[in-house]
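When you get a sec, could you build the whole thing from the sequences and use the hints?
2 protein chains.
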Amino acid sequence: MSMLPKFAKTPEPPYYAVIFSSMRRDDGYTQMAERMVELASRQPGFLGVESVRGIAGFGITVSYWTSGGAIAAWKANVEHLAAQEKGKQKWYEHYELRVAKVERAYAKPSA
Amino acid sequence: MSMLPKFAKTPEPPYYAVIFSSMRRDDGYTQMAERMVELASRQPGFLGVESVRGIAGFGITVSYWTSGGAIAAWKANVEHLAAQEKGKQKWYEHYELRVAKVERAYAKPSA
Chain A
1 MSMLPKFAKT PEPPYYAVIF SSMRRDDGYT QMAERMVELA SRQPGFLGVE
51 SVRGIAGFGI TVSYWTSGGA IAAWKANVEH LAAQEKGKQK WYEHYELRVA
101 KVERAYAKPS A
Chain B
1 MSMLPKFAKT PEPPYYAVIF SSMRRDDGYT QMAERMVELA SRQPGFLGVE
51 SVRGIAGFGI TVSYWTSGGA IAAWKANVEH LAAQEKGKQK WYEHYELRVA
101 KVERAYAKPS A
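Sequence order for the protein chains is A and B. Residue 8 in the numbering used here sits at position 8 of the first sequence, with consecutive numbering throughout. Residue 46 in the numbering used here sits at position 46 of the second sequence, with consecutive numbering throughout.
Everything labelled a hint here was simulated from the structure, so no lab data went into it. Values in this document were obtained by computation on a predicted structure and should not be read as measured data. One thing to keep in mind: the hints can contain errors.
Pairs involving identical chains hold if they fit within one copy or between any two copies, as the list cannot separate such chains.
[Stated by the list, open to error] Computed list of lysine to any residue pairs in SDA-like fashion (alpha-carbon distance at most 20 Å, straight line):
#1 Lys75 / Gly57
#2 Lys108 / Arg24
#3 Lys75 / Gln31
#4 Lys75 / His94
#5 Lys9 / Ala70
#6 Lys101 / Gln84
#7 Lys101 / Ala70
Shown next, in the form of structure tokens:
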């Protein structure tokens, strides 16, 4: 997903993170993934996303959100629901999804 | 870091996640990274780690911990402190570190 900026520009905590770790098993994935980022970035409360997939098919995508409500609204997005279903049926051999509240953040160089 | 299991086996929430996103700029890194995982896995409160680095040098490592106190103890580990310093001086062009409390988690297939 080379269209992505690498680091998310997030505000002072608290805010929320969705940590999505997945093992991909099929093709036709990249276009969907880019479309989901485009869609998510238009959702209220979207702060940014960081994503990387290694050569072995294992990937981690962390999206950042202002609140749990913003995450729930994104989860319920109709086009996103269709992608979630296709992901379960086709793309992901396995995934783990964790919703977490970011309490502290540091960067180098200091922001 | 092919020595790593890909998915962390984490308990029911709540627990903690450290999301470490970084842009690497130098060599001599892999050995240190593997040593840090080895060290971390012996720390009290360590639950697991997920890590991936893409071809462009951008990586995300998420380590999971039972509590904020366990994270603080790991941060203060003497060998880890030396690696943190070397990381700042040598390895990382930039990084973002976020400490987050995991509130909900889902997996496929269901655990």
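Now for the hints, and whether the structure bears them out:
For the identical chains of this complex, Lys75 and Gly57 are neighbours neither inside a copy (24 Å) nor across copies (30 Å), given an alpha-carbon limit of 20 Å. For the identical chains of this complex, Lys108 and Arg24 are inter-copy neighbours only, at 12 Å across copies versus 31 Å inside a copy, given an alpha-carbon limit of 20 Å. For the homomeric pair Lys75 and Gln31, the shortest alpha-carbon distance inside one copy (19 Å) is at most 20 Å, but the shortest distance between copies (39 Å) is not. In this homomeric assembly, Lys75 and His94 come within 20 Å of each other (Cα to Cα) only inside a single copy, at 18 Å, whereas the closest approach across copies is 31 Å.
For the identical chains of this complex, Lys9 and Ala70 are intra-copy neighbours only, at 17 Å inside a copy versus 27 Å across copies, given an alpha-carbon limit of 20 Å. Taking CA atoms no more than 20 Å apart as the test, Lys101 paired with Gln84 passes in neither setting, with 22 Å inside one copy and 24 Å between copies. With identical chains, the CA atoms of Lys101 and Ala70 are at most 20 Å apart both within one copy (13 Å) and between copies (17 Å).
Consistency note: the structure conflicts with the earlier hints numbered 1 and 6.
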